[in-house]
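Chain residues, written in single-letter form:
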Amino acid sequence: MSVVLKLTNVRKYFPTTKSFSQRKKEYVKAVEDVSFIIREGETVGLVGESGCGKTTVGRIILRLIAPTAGQVFFRDQDLFALRKEELRKTRKKMGVVFQDPYSSLNPRMSIQEIVAEPLKIHTNLKGLELQERMVELLKQVGLKEDCLRRYPHEFSGGQRQRIAIARALALNPAFLVLDEPTSALDVSVQAQVLNLIIELQKELNLTYLFISHDLIVVEYIADRIMVMYLGRLVEIGSTDKIFNHPIHPYTKALTSVIPIPDICQQRKEIFLEGDVPSPVNVPSGCSFHTRCPEAKEEVCKREIPILKDLGQEHWVACHLAKVES
Amino acid sequence: MKEMLLEIKELETHFFTYEGVVKALNKLDLTIYKGETLGLVGETGCGKSVTALSILRLVPAPPGKIVGGKVFFEGENLLEKGEKEMRKIRGSKISMIFQNPTSSLNPVFTVGNQVTIVTRTHQKGSKREAQKKATEMFELVRLPDPERTLWKYPHELSGGMQQRIMIAMALSCEPSLLIADEPTTALDVTIQAQVLNLIKRLKEETKTSILLITHNLGIVAKMCDRVVVMYAGEAVEEASLNKIFEAPKHPYTMGLLGAIPKLNQKGKLEVIKGSVCSLIDPPQGCRFYPRCSSFTEICQKEKPARVKIEEDHFVSCHLYNF
Numbered sequence: 168m169s170v171v172l173k174l175t176n177v178r179k180y181f182p183t184t185k186s187f188s189q190r191k192k193e194y195v196k197a198v199e200d201v202s203f204i205i206r207e208g209e210t211v212g213l214v215g216e217s218g219c220g221k222t223t224v225g226r227i228i229l230r231l232i233a234p235t236a237g238q239v240f241f242r243d244q245d246l247f248a249l250r251k252e253e254l255r256k257t258r259k260k261m262g263v264v265f266q267d268p269y270s271s272l273n274p275r276m277s278i279q280e281i282v283a284e285p286l287k288i289h290t291n292l293k294g295l296e297l298q299e300r301m302v303e304l305l306k307q308v309g310l311k312e313d314c315l316r317r318y319p320h321e322f323s324g325g326q327r328q329r330i331a332i333a334r335a336l337a338l339n340p341a342f343l344v345l346d347e348p349t350s351a352l353d354v355s356v357q358a359q360v361l362n363l364i365i366e367l368q369k370e371l372n373l374t375y376l377f378i379s380h381d382l383i384v385v386e387y388i389a390d391r392i393m394v395m396y397l398g399r400l401v402e403i404g405s406t407d408k409i410f411n412h413p414i415h416p417y418t419k420a421l422t423s424v425i426p427i428p429d430i431c432q433q434r435k436e437i438f439l440e441g442d443v444p445s446p447v448n449v450p451s452g453c454s455f456h457t458r459c460p461e462a463k464e465e466v467c468k469r470e471i472p473i474l475k476d477l478g479q480e481h482w483v484a485c486h487l488a489k490v491e492s
Numbered sequence: 029m030k031e032m033l034l035e036i037k038e039l040e041t042h043f044f045t046y047e048g049v050v051k052a053l054n055k056l057d058l059t060i061y062k063g064e065t066l067g068l069v070g071e072t073g074c075g076k077s078v079t080a081l082s083i084l085r086l087v088p089a090p091p092g093k094i095v096g097g098k099v100f101f102e103g104e105n106l107l108e109k110g111e112k113e114m115r116k117i118r119g120s121k122i123s124m125i126f127q128n129p130t131s132s133l134n135p136v137f138t139v140g141n142q143v144t145i146v147t148r149t150h151q152k153g154s155k156r157e158a159q160k161k162a163t164e165m166f167e168l169v170r171l172p173d174p175e176r177t178l179w180k181y182p183h184e185l186s187g188g189m190q191q192r193i194m195i196a197m198a199l200s201c202e203p204s205l206l207i208a209d210e211p212t213t214a215l216d217v218t219i220q221a222q223v224l225n226l227i228k229r230l231k232e233e234t235k236t237s238i239l240l241i242t243h244n245l246g247i248v249a250k251m252c253d254r255v256v257v258m259y260a261g262e263a264v265e266e267a268s269l270n271k272i273f274e275a276p277k278h279p280y281t282m283g284l285l286g287a288i289p290k291l292n293q294k295g296k297l298e299v300i301k302g303s304v305c306s307l308i309d310p311p312q313g314c315r316f317y318p319r320c321s322s323f324t325e326i327c328q329k330e331k332p333a334r335v336k337i338e339e340d341h342f343v344s345c346h347l348y349n350f
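Line by line, the protein sequences give chains A and B. Here the first sequence stands for residues 168 to 492, numbered as in our numbering. Here the second sequence stands for residues 29 to 350, numbered as in our numbering.
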């Protein structure tokens, strides 16, 4: 399977000044040394708690913000080295669906204007052809033609998310970044939208990066999962490995405490002490060592662990993880 | 033999708005027994929070108003009590914690001050005694360095710590009932786990009954003894935890359980067609019938009665009206 997306050593620091004097510049280290690949047809889940950097990674991939260091390759093209016209062409191949269906659609634009916008900018479609394309897109997401004349506020959250998906698919992208697409929706609506997302992937051979803090949803939809903590990737593996055989102590704790809506599948919980440290003051060595139930070695405080391949595409960044022979 | 602590009978709460009367609660029936954790689940707009506010008579009025029903607490109807009597109950006999601790704590007072206000309002004692009690409560909720934390302001503390303070405040007068309205929705998963574990442990220690309001069935599975499922202002099913998950009877409950992804299970998620009815102009009979795949003629005309189908299992559905 060909590689659609590749990140190498991506870093993003946001400058912040603590005092008025601006003498000491501090940085929010949102993303630190993130590298991964996504292959065609996959759904890769990017999970972590708030502040871990997952949304920032999503924004960098879409070239909405520039990284402080590192590179992003979309089908072998260095995204941040592209010039205006080349970038425009590449942008057609990527789509995005955001979390909030209430703020991601312009309230002053009709659905027709919203869905037509990418088509008008990037294609020569006009008149009847344009209309047909829009109707087709709406049909794909389960909405009727008469929606075109209406405005976002006339639709429910679930319907608006469908409109956002239709807009994201307008230019036949190969790759979609879905940033918490169902987190703002009720359970029964979430099911409809998730089913749609899965169906569309099969129909249109799409590749997804699914960013979410809701681990149950990610477990359901993703083939592989990447776990982030305080700006770094701590573990990457298949969904089965991550949920049923996690190795990194953070992943172990995280997967042990997710509320599972099934009384037969309750797990033994691992509770982490304290709170997540501030990304302005990242702990030395392994950033997780301050809360890690297994951190005992001096090395955990001193050295930053690197992602190691433990075999079968299971990567862990932990000094205590043993490499399977 | 279970002892009843709170009994809600045919509660009706309406909101009078420009667009019409929102019938938020439509003859709701609900019972909480002593020593149990009752989960109140449902999706947005089903009336879970309004139920909590109605119990404590905190429904904003206007535009809200409790227009009918009874709420028996320890044998007395709360809806017949005056405001002065209710103030003695709120915070001491029935306490509540809310979803967002940041907006529930006053930013201009120290957290110690906010906790001592509760004890000094409801119990006799000096300022020093109240502070001692506050420190004890902070220890109970496992706040680091309790004595120093008394002097901190809310913004100096993390979300998880703020929620612990809310819990400390709520339990400081040893209430018989704690209402927790989505207490961990605003918190990260690992912090949520800490707070839920704390609530569970405290419940065992203090024997407080808990009304846990949530839309997350995973939290219900972890925390609750019994569950009430709400839909559009009504209780549609009430049963023990096991029965709700293993043998749900109401079509909505079944649909809800089918719609959520469960671990290690693939396969298409079940969809409940359509969307929630209008609460201003709800259907005449059962409020769920427009979305129900099992509906019959009578569902359109009559609201189904609450029927006991077995021990610890009640349903409001015409399919079970024998």
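Hints may contain errors.
To be verified - Quick list of in silico lysine-lysine cross-link-like pairs, BS3-like style, CA-CA up to 27 Å:
1. 408/A <-> 296/B
2. 294/B <-> 408/A
3. 435/A <-> 336/B
4. 306/A <-> 251/A
5. 30/B <-> 306/A
6. 306/A <-> 228/B
7. 419/A <-> 235/B
8. 271/B <-> 294/B
9. 306/A <-> 231/B
10. 93/B <-> 369/A
11. 228/B <-> 435/A
12. 271/B <-> 311/A
13. 435/A <-> 93/B
14. 55/B <-> 336/B
15. 294/B <-> 435/A
16. 311/A <-> 235/B
17. 30/B <-> 235/B
18. 435/A <-> 331/B
19. 296/B <-> 369/A
20. 435/A <-> 301/B
21. 311/A <-> 259/A
22. 301/B <-> 419/A
23. 109/B <-> 93/B
24. 293/A <-> 259/A
25. 408/A <-> 271/B
26. 331/B <-> 294/B
27. 369/A <-> 271/B
28. 336/B <-> 296/B
29. 306/A <-> 173/A
30. 419/A <-> 109/B
31. 369/A <-> 231/B
32. 306/A <-> 293/A
33. 290/B <-> 271/B
Since the hints were derived computationally from the structure, they do not count as laboratory data.
Just to be careful, I want the Cα atoms of residue 293/A and residue 259/A compared with a cutoff of 27 Å; is the pair within it? holds (18 Å)
Check whether the Cα positions of residue 290/B and residue 271/B lie no farther apart than 27 Å. holds (17 Å)
Given pair status - residue 231/B, residue 369/A, alpha carbons within 27 Å: Cα-Cα ~48 Å, so violated.
Given the hint that residue 331/B pairs with residue 294/B, does the C-alpha gap stay at or below 27 Å? violated (36 Å)
Keeping to a limit of 27 Å between CA atoms, is the pair of residue 419/A and residue 235/B held or broken? Given that 27 Å is the threshold and the Cα spacing comes to 32 Å, the pair is violated.
Going straight from one Cα to the other, do residue 435/A and residue 331/B come out at no more than 27 Å? violated (43 Å)
Given pair status - residue 408/A, residue 294/B, alpha carbons within 27 Å: Holds. Residue 294/B to residue 408/A sits at ~16 Å (cutoff 27 Å).
For residue 30/B and residue 306/A, compute the direct alpha-carbon distance and say whether it is at most 27 Å. violated (55 Å)
Has the given pair, residue 311/A with residue 259/A, been kept, meaning a C-alpha gap of at most 27 Å? holds (25 Å)
Are residue 93/B and residue 369/A close enough, with their CA atoms no more than 27 Å apart? Violated. Residue 93/B to residue 369/A sits at ~51 Å, over the 27 Å cutoff.
Would the pair residue 306/A and residue 251/A pass a check requiring their Cα atoms to be no farther apart than 27 Å? Judged against 27 Å, a Cα distance of about 33 Å means the pair is violated.
Just to be careful, I want the Cα atoms of residue 435/A and residue 301/B compared with a cutoff of 27 Å; is the pair within it? Violated, at about 36 Å.
In this structure, the earlier hints numbered 3, 4, 5, 6, 7, 9, 10, 12, 13, 16, 18, 20, 22, 25, 26, 27, 28, 29, 30, 31 are contradicted, and the remaining ones agree with it.
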